[in-house]
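With chain P held as given, fit chain V onto it using these hints.
There are 2 protein chains.
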Amino acid sequence: MASKDTSISMSVIRRLPRYYRFLHDLKENGVQRISSRELAQRMGLTASQIRQDLNCFGEFGQQGYGYAVDQLYNELYHILGMDDLTPAIMLGAGNLGHALINHMNFANRGVKLEGIFDDAEHLIGTDIQGITIQSTEALEEFCDRQKPQLAVLCIPKEAAPRLVKRLVKCGVTAFWNFSHYDIAMQYPDVIVENVHLGDSLMTLSHLLKREK
Amino acid sequence: MASKDTSISMSVIRRLPRYYRFLHDLKENGVQRISSRELAQRMGLTASQIRQDLNCFGEFGQQGYGYAVDQLYNELYHILGMDDLTPAIMLGAGNLGHALINHMNFANRGVKLEGIFDDAEHLIGTDIQGITIQSTEALEEFCDRQKPQLAVLCIPKEAAPRLVKRLVKCGVTAFWNFSHYDIAMQYPDVIVENVHLGDSLMTLSHLLKREK
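Each protein sequence line maps, in turn, to chains P and V. Residue numbers for the first sequence follow the numbering used here, so the first one is 1 and each next one is one higher. Residue numbers for the second sequence follow the numbering used here, so the first one is 1 and each next one is one higher.
Excised from the complex, chain P in its bound form (with noise of 0.2 Å):
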């Protein structure tokens, strides 16, 4: 199933994840079929949101019938990508890769991660997960061999620029970034997913104080 349209709202397509969440713990519960109404109901959305947001996508629930769950998953899974693996790069293996890496199963979210970076010496050699961590001396050749597309940076501040500017030249052209530098602003045409866990936690101690 192709995608019917290729301008979908930002907004749509951060909402896929979290339909796939809840499909795949449907299908894990065993249910078969779900109708807008309750899918909403359990999202905390309308079901006229749900029906625009799938249709964006084709044609999937019946009307009386409602949702064949193992359809609309197997869709999903399909539109994003886990069928064919995005390979990736991580940046840092300070405490926040080691966790990302540990805590997360990449391949569940769509990607595969075939490198590990760093230059810290007590950290080169060692590995996580079963992949060695390299210095950043072979990202070129490591690139030029495995063509990894999405970066996950881990890094300082300070050390993003040096090396984001190395990568873009390898090809990299989608980057995770857990750094505080502002990729976009500098390389217009990535792609970049920012988290600022630092700026989250403050609006929710912000909001917090407002309440008061």
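A couple of the hints might just be wrong.
Copies of the same chain look alike in the list, so a pair counts if it works inside one copy or between any two.
Unchecked claim - Restricting the straight-line Cα-Cα distance to at most 25 Å, the calculated cross-link-like pairs of lysine-lysine (DSS-like) are:
| hint | residue 1 | residue 2 |
| --- | --- | --- |
| 1 | Lys-169 | Lys-209 |
| 2 | Lys-27 | Lys-212 |
| 3 | Lys-212 | Lys-169 |
| 4 | Lys-209 | Lys-157 |
| 5 | Lys-165 | Lys-147 |
| 6 | Lys-212 | Lys-165 |
| 7 | Lys-157 | Lys-212 |
| 8 | Lys-169 | Lys-27 |
| 9 | Lys-165 | Lys-209 |
| 10 | Lys-147 | Lys-27 |
| 11 | Lys-212 | Lys-112 |
| 12 | Lys-112 | Lys-165 |
| 13 | Lys-112 | Lys-169 |
| 14 | Lys-147 | Lys-112 |
| 15 | Lys-209 | Lys-112 |
| 16 | Lys-212 | Lys-147 |
| 17 | Lys-157 | Lys-27 |
Note that these hints are calculated values from the structure, not bench results.
Okay, now just chain V, sitting in the frame of chain P:
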């Protein structure tokens, strides 16, 4: 300086930590004043958006002079509650919990982490950054004494419903939620900041595939 307005939009609030970061960097680099135009350029915003955002909180800039960096930084410091840390606890001291504490400076984000709880035998009694990990059996007593207002959830989804119920009963009103449990659906009155790392990575991988 008190807030001018109690109904400031979430998008403005979400930009505050970013302003704070940029002001911090300017201050560190010895910049004493900056025009809204120049700040806009650095942040990838428009000058009028910056003026509008900051006007929600008071009168800061001066026509023809711009913003006094030190003064604006101090105001944001106060607005974000950095001078009055929110007492907090963490639930779950696995890879992610460890990494968050070791990777981030909570106090620099307005939060004072006072307790860590986990039920894994091998973790209880060990410490992270000087805070000893306790069994969740001690939760009620601890909360009664320390009155934490914020909880960081680094626990699996399955463990969340029971723990959140206990935490809400203990008076916790804000959650930094790394689990996939939908707290806001069950407790509409608490403040929740969800961090769905997996969704973020999936979105990035999907965007990359759409480009092709």
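Taking the hints in turn, this is what the structure says about them:
Proximity of Lys-169 to Lys-209 under the C-alpha cut-off of 25 Å is restricted to the inter-copy arrangement: shortest distance 20 Å between copies versus 45 Å within a copy. When the C-alpha separation of Lys-27 and Lys-212 is checked against a cutoff of 25 Å, the pair qualifies neither within a copy, at 42 Å, nor between copies, at 30 Å. For a Cα distance limit of 25 Å, the shortest separation of Lys-212 from Lys-169 across copies, 18 Å, qualifies, whereas the shortest one inside one copy, 50 Å, does not. Proximity of Lys-209 to Lys-157 under the C-alpha cut-off of 25 Å is found in neither arrangement, the shortest distances being 29 Å within a copy and 27 Å between copies.
For the identical chains of this complex, Lys-165 and Lys-147 are intra-copy neighbours only, at 16 Å inside a copy versus 47 Å across copies, given an alpha-carbon limit of 25 Å. In the homo-oligomer, the alpha carbons of Lys-212 and Lys-165 lie at most 25 Å apart only across protomers (22 Å), although the nearest pairing inside one protomer, at 45 Å, exceeds that limit. Taking the shortest Cα distances, Lys-157 and Lys-212 never come within 25 Å of each other, neither inside one copy (34 Å) nor across copies (29 Å). Taking the closest pair of Cα atoms, Lys-169 and Lys-27 never come within 25 Å of each other, the shortest separation being 42 Å inside a single copy and 32 Å across copies.
Taking the shortest Cα distances, Lys-165 and Lys-209 sit within 25 Å of each other only across copies (22 Å), while inside one copy they are farther apart (40 Å). In the homo-oligomer, the alpha carbons of Lys-147 and Lys-27 never lie at most 25 Å apart, since the shortest distance is 35 Å inside one protomer and 40 Å across protomers. With identical chains, the CA atoms of Lys-212 and Lys-112 are at most 25 Å apart between copies only, with a shortest distance of 18 Å across copies and 45 Å within one. In this homomeric assembly, Lys-112 and Lys-165 come within 25 Å of each other (Cα to Cα) only inside a single copy, at 22 Å, whereas the closest approach across copies is 37 Å.
Taking the shortest alpha-carbon separations for Lys-112 and Lys-169, only the intra-copy value of 21 Å comes in at or below 25 Å, while the best inter-copy value is 42 Å. Proximity of Lys-147 to Lys-112 under the C-alpha cut-off of 25 Å is restricted to the intra-copy arrangement: shortest distance 12 Å within a copy versus 43 Å between copies. With identical chains, the CA atoms of Lys-209 and Lys-112 are at most 25 Å apart between copies only, with a shortest distance of 14 Å across copies and 41 Å within one. With identical chains, the CA atoms of Lys-212 and Lys-147 are at most 25 Å apart between copies only, with a shortest distance of 15 Å across copies and 52 Å within one.
In the homo-oligomer, the alpha carbons of Lys-157 and Lys-27 lie at most 25 Å apart only across protomers (16 Å), although the nearest pairing inside one protomer, at 41 Å, exceeds that limit.
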